[in-house]
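Participant: Sequence:
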Amino acid sequence: MVLDLLVDSVINKGEYLEYDLTLPQEKVRELTDTAVVHINAGVSKLRKLFLVEDLVDSIKFAVGLWTLTYIGAWFNGLTLFILGLIALFTLPKVYENNKTQIDQNWGIAKAKIAEITSKLTAALPVGGKKDSKDKEQ
Numbered sequence: 001m002v003l004d005l006l007v008d009s010v011i012n013k014g015e016y017l018e019y020d021l022t023l024p025q026e027k028v029r030e031l032t033d034t035a036v037v038h039i040n041a042g043v044s045k046l047r048k049l050f051l052v053e054d055l056v057d058s059i060k061f062a063v064g065l066w067t068l069t070y071i072g073a074w075f076n077g078l079t080l081f082i083l084g085l086i087a088l089f090t091l092p093k094v095y096e097n098n099k100t101q102i103d104q105n106w107g108i109a110k111a112k113i114a115e116i117t118s119k120l121t122a123a124l125p126v127g128g129k130k131d132s133k134d135k136e137q
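Quick note on the working numbering: the sequence shown kicks off at 1 and runs consecutively.
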């Protein structure tokens, strides 16, 4: 059975030779332009984070990196990949079943984060985006 399929695919390879495998130039240019836009936006954001243009965002970035070092120390990369794959297929169903409770708690968490961020921005005038605009005026 398997041998027959293998022999048929070798003998009937003419149909595979008829496929057009060339890439259209317009599509390649379009995808390249889109990739360049995304890369430039990412590099710009990283520059802002590393050069501390906004102190609050840079602190969030540093805390995120610090957290990732501990997660990386606790788990193997393959374990994280498998857990991510499981979460990819599980979390949508969990959200679908518990949408109201998750939305309520998410709203509370967002409000607390916004409150802490505004307090931090007010306490650290160096990192505030609004303060730098006020100085220019």
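Honestly, the hints are just simulated from the structure, not real lab data.
Keep in mind that a hint or two might mislead.
Label-pair ranges, simulated between beta-carbon atoms [said to hold, decoys possible]:
id: 1; residue 1: L85; residue 2: L51; range: 31 to 37 Å
id: 2; residue 1: T22; residue 2: L55; range: 23 to 29 Å
id: 3; residue 1: D57; residue 2: G77; range: 24 to 30 Å
id: 4; residue 1: D20; residue 2: G42; range: 31 to 37 Å
Keeping only pairs whose Cα atoms sit at most 27 Å apart, straight-line, the calculated DSSO-like set for lysine-lysine is [to be verified]:
id: 5; residue 1: K48; residue 2: K93
id: 6; residue 1: K45; residue 2: K93
id: 7; residue 1: K45; residue 2: K110
id: 8; residue 1: K48; residue 2: K99
id: 9; residue 1: K99; residue 2: K119
id: 10; residue 1: K93; residue 2: K110
id: 11; residue 1: K45; residue 2: K99
id: 12; residue 1: K112; residue 2: K99
id: 13; residue 1: K110; residue 2: K48
id: 14; residue 1: K60; residue 2: K112
id: 15; residue 1: K27; residue 2: K60
id: 16; residue 1: K60; residue 2: K119
id: 17; residue 1: K99; residue 2: K110
id: 18; residue 1: K48; residue 2: K60
Predicted model only: the values in this text are computed from it and were never measured.
No residue lacks a Cβ here, since even glycine has one placed at the ideal position from N, Cα and C.
Participant: Now look at each hint and say whether the structure bears it out.
Facilitator: To see whether the hints hold, each was checked on the structure:
no.: 1; hint: L85 with L51: 31 to 37 Å; in the structure: holds, 35 Å
no.: 2; hint: T22 with L55: 23 to 29 Å; in the structure: violated, 51 Å
no.: 3; hint: D57 with G77: 24 to 30 Å; in the structure: holds, 27 Å
no.: 4; hint: D20 with G42: 31 to 37 Å; in the structure: holds, 34 Å
no.: 5; hint: K48 with K93; in the structure: violated, 37 Å
no.: 6; hint: K45 with K93; in the structure: violated, 33 Å
no.: 7; hint: K45 with K110; in the structure: holds, 22 Å
no.: 8; hint: K48 with K99; in the structure: violated, 35 Å
no.: 9; hint: K99 with K119; in the structure: violated, 30 Å
no.: 10; hint: K93 with K110; in the structure: holds, 22 Å
no.: 11; hint: K45 with K99; in the structure: violated, 32 Å
no.: 12; hint: K112 with K99; in the structure: holds, 20 Å
no.: 13; hint: K110 with K48; in the structure: holds, 23 Å
no.: 14; hint: K60 with K112; in the structure: holds, 15 Å
no.: 15; hint: K27 with K60; in the structure: violated, 38 Å
no.: 16; hint: K60 with K119; in the structure: holds, 14 Å
no.: 17; hint: K99 with K110; in the structure: holds, 16 Å
no.: 18; hint: K48 with K60; in the structure: holds, 12 Å
Violated hints, in rising order: 2, 5, 6, 8, 9, 11 and 15; the structure is consistent with all others.
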